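Colleague: Per my numbering, the sequence shown runs over residues 347 to 682.
Mixed in with the good hints, there may be bad ones.
What the hints assert, rightly or not - For lysine-lysine, the following BS3-like pairs were computed, each having C-alpha atoms within a straight-line distance of at most 25 Å:
| # | residue 1 | residue 2 |
| --- | --- | --- |
| 1 | Lys483 | Lys445 |
| 2 | Lys636 | Lys573 |
| 3 | Lys372 | Lys429 |
No lab work stands behind these hints, which were simulated from the structure alone.
Bear in mind that the values here come from a model prediction, so they are computed numbers and not experimental data.
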Amino acid sequence: MAAKSARKSAAPRSKSAAPRKPRRKKAEPKSRGLGPHEVASEAVAFPDALLQAVREDGGEVLSVYRDPLGGHPVVFAVLPIDKVEPTPYQRDLSEPHVKRLATAMERLDRFLDPVIAVRVEGRYWTPNGNHRLNASKLLGAKSIVALLLPDEDVAYQILALNTEKAHNLKERSLEVIRMARGLVGANRPGKESAFAHLFEEPSFLTMGAAYEKRPRFSAGAYHPFVKVVDGFQDVPLPEAIAVRDAQAERLLELDDAVVAVVNALKERGLQSPYLKNFVVARLNFLRFRKDGPPPTFDATVTRMLASARRFNVDKVKREDIGRMGGGPMEPDEEQA
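Kindly produce the complete structure, drawing on both the sequences and the hints.
Modeller: Written as structure tokens, this is what we have:
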């Protein structure tokens with residue numbers, strides 16, 4: 347038995363198995379960044395123009411320091427609250443979260459978590475702190491403390507971090523497509539593929555464009571195949587946005603056909619919160635794909651659309667849907 351177990355453990359891994367990612371090595375303790383005295387040191391080129399602008403805007407500079415990781419200058423300031431606003435491309439505000447946060451702040455009678463901000467044409471955009479900002483406004487605050495960063499481009503980087511911790515697919519997707527449109531509006535040069543580190547996943551751009559057109563879009567049902575066939579566009583960002591809008595239209599066309607099938611199944615008395623996921627899974631021919639490159643986005647949607655239009659609901663049994671079960675749905679999804 348032991349020999350058999352040894353032979354089994356020594357068997358080579360399948361060629362089709364995904365290679366394991368190397369583990370990130372833990373850095374040596376205290377091997378990077380600045381010490382406390384270096385963080386507080388004035389041996390740094392302070393952003394004097396920004397300091398002056400804060401005062402002209404009616405704010406006050408509390409201190410300037412260097413961040414302990416990269417040594418970049420950070421301005422700790424208090425700003426007039428009416429001059430602080432969210433970036434125009436981040437996730438939607440959660441009113442319940444704002445109310446809960448305001449209640450907690452009022453109970454504590456303190457504001458202890460500064461927002462992060464960048465100055466843009468006399469206003470202050472916060473890519474991290476919109477809920478805290480609105481909770482403070484709800485409580486009638488006059489000012490808000492902020493960690494003010496001299497480099498406006500850092501706002502996009504911070505927003506990318508927010509994207510990673512967003513609550514659901516809808517928030518991630520809307521934030522990413524708004525970020526892309528914001529970059530176009532700011533005339534930032536470059537191809538879409540050059541911003542991959544900000545957008546994280548190409549499917550978020552397509553899903554975001556679809557959510558803009560249909561806020562109750564059930565992206566969770568389509569995401570498994572879209573992330574396989576979607577990719578970053580190697581064209582200038584304005585052209586890529588046009589591609590995203592076109593792909594979103596195709597996806598919504600498929601959604602209309604899927605909804606028609608779902609309604610037909612309901613008329614036959616089949617009820618399940620996962621009906622849409624069931625139908626899309628049946629249409630998704632990619633699950634049978636062997637090795638090799640996946641088809642294009644358009645080819646995939648065209649084939650699935652044709653399958654949806656000839657979908658025979660009479661062949662679907664109640665146990666088929668029961669076996670599928672389904673994963674957790676996005677809270678914004680509507681299965682109709």
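Colleague: Looking back at the hints listed earlier, which ones does the structure fail to meet?
Modeller: The structure breaks only hint 3.
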